[in-house]
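Dock chain Z against chain E, hints included.
There are 2 protein chains.
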Amino acid sequence: MIQTILLKNRPKGSPTHSDFEFVKEDTTLTPKEGEILLDTVYVSVDPYLRGRMSDAKSYAAPFELNKPIYSGVVAKVTASKNDNFKEGEFVMGMLDWKTQQISSGKGLMKVDGEKAPLSAYLGVLGMTGLTAYLGLTQIGKPKAGETLIVSGAAGAVGSVVGQIAKNLGLKVIGIAGTDEKVELLKSKFGFDSGINYNTTEDIKADIAKAAPNGIDIYFDNVGGSISDAVLFNINQFARIINCGAISVYNNTELPKSISVQPFLVKNSALMQGFIVSDFEEKFPEAMQQLAEWLAAGKLAYSETVVEGFENIPQAFMDLFEGKNTGKMVVKI
Amino acid sequence: MIQTILLKNRPKGSPTHSDFEFVKEDTTLTPKEGEILLDTVYVSVDPYLRGRMSDAKSYAAPFELNKPIYSGVVAKVTASKNDNFKEGEFVMGMLDWKTQQISSGKGLMKVDGEKAPLSAYLGVLGMTGLTAYLGLTQIGKPKAGETLIVSGAAGAVGSVVGQIAKNLGLKVIGIAGTDEKVELLKSKFGFDSGINYNTTEDIKADIAKAAPNGIDIYFDNVGGSISDAVLFNINQFARIINCGAISVYNNTELPKSISVQPFLVKNSALMQGFIVSDFEEKFPEAMQQLAEWLAAGKLAYSETVVEGFENIPQAFMDLFEGKNTGKMVVKI
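Chains as they are written, first to last, in the UniProt record's numbering: chain E, 1 to 332; chain Z, 1 to 332.
Just chain E, with the same shape it has in the complex:
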């Protein structure tokens, strides 16, 4: 029995269960020459997938209706007719939301469960870690002694951004949505301070208090009113890294904010959007650095692990409610 999740409808606003369709096929897959058979072990759910579910112009082609959704997946090779892969090995790559599938092996990377937990290859050692490291270093150009603030700070990318910045000698402030998350930023991830955007009475003032020398780098995962508040506190030559805008992804009307242009002009400041694949040629050196820090105990990470293939849509929807701490993965 093979299960697959298709995109049934393009979500209007927040995704709902009716946007997904489960299909069961009572069939047996057998790899042909050059192919491998994969059993799905971990599925990554990420905010950026929301963008691919709509058909607006974007950096990546949208998912097709009535076709499988795909994302980062760790899978086990359970049969191989490809000399590059052996039965029992694990791989990571962009794969369909299926319990089992055939692959040519193209685009898959072997991963070693003895060097790091398998799920880490979807997180701190995968796209999440690369996004944090490359966005911060390539756009943010951090210098020791500067002050960085990150929104979505307890999320998969945010928590890694803050730790990398600490490793590089910056002062680090995190913005998150619960007191528990704010506490975790300090106790587990070594942030200098944290702000709970849900309970603060004046977020602009709280940022100013946490950053008496102003903000040099803002790693922005959320957009919206939190990002507006940061703008009031940026320094001359500030760099704002637009990694995501989760706070507005489910908006059905065009979101409005304060005009950023006057802030950028008067501070000679930069804002830049990116997707991790923009920096593909830097992946090897970034992976190397992340693995070194992980081995040296300088990169902690959190995961929210949901069990069961049938719970993938719910786990994805929970991202927009901030129910995850760190990387959200589904274990099959």
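Treat the hints with care, since some could be wrong.
Each pair may be met inside one copy or between any two copies, as identical chains are not told apart.
[What the hints assert, rightly or not] Think about it this way: if two alpha-carbon atoms lie no more than 25 Å apart in a straight line, the pair counts; the simulated BS3-like pairs of lysine-lysine are:
1. K204 - K12
2. K141 - K282
3. K204 - K256
4. K298 - K8
5. K12 - K186
6. K110 - K282
7. K8 - K115
Calculated from the structure, these hints are not laboratory results.
Same frame as chain E, now just chain Z:
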């Protein structure tokens, strides 16, 4: 008789005559050893001065209340006790809004009225030209064959930006506020096309039509709703140069726009503010290139010349009504 214009009040919203005070002094100035006496010839009025009239945090110190306002000025040396300057020479620099003043000569550059009209040193060969050239080349990084759009296109900076882009092999679209200005963009400045933002029924659609391959570079002088419309038409890796935001400078409430973050994220696009002095070390090569193009007839310019010291405040206020075409200067 020496006349001076002081900043009387910090303008609330649009500046008015009551924000300026004229002072007349019946005195004779005599330079001491090392000093020169200057008679003002041309005064530059520029949108950025509005920022210095308020006391909000910015890249430059605000003007002081009840002190002279200052801006770019061309003046004639009418007496000299400084070996570096001779009577009869002309200089350019940041000088007070006075009919006559004493200077140590520091920060002044000699200008030659035979090589170019004196007023050009406040425009195409001065800060205006440098702003256009350095913003475009340092942030925009233009490549032949790309498409550039510029707002405030018939203004002092915008008209030079478009011509430089044409000289560099780009396709150039200008946005301006009257049919006469749009006509001038094409007939005098060689733009490929122009859009009148006051008469268009759908500016987004008009931009899309003028730029069938999308926008690679947006040189933004205005901010506000015009800039919102451009965002819908940007390409992957687009560069947006935030030179000014004249459309919102006189707002008393915080201006709102659409959220730019999702556009930057999905296009891996960049927005960067600047002030020309950020690139001071590039001034000599930029001046050289601008003078070459001017001499070769590859850089036309327009001026709006207002006559009379007493008309400086009105000329400044007229900038915000778009009454100038090209550089606005006051001849004393």
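Okay, the hints, checked on the actual structure:
1. K204 - K12: between (32 Å within a copy, 24 Å between copies)
2. K141 - K282: both (15 Å within a copy, 22 Å between copies)
3. K204 - K256: Classified as both: same-chain Cα gap 18 Å, cross-chain 17 Å, threshold 25 Å.
4. K298 - K8: Classified as neither; 42 Å inside a copy, 57 Å across copies.
5. K12 - K186: Result: close neither inside a copy nor across copies, 37 Å intra and 44 Å inter.
6. K110 - K282: within (18 Å within a copy, 49 Å between copies)
7. K8 - K115: neither (38 Å within a copy, 70 Å between copies)
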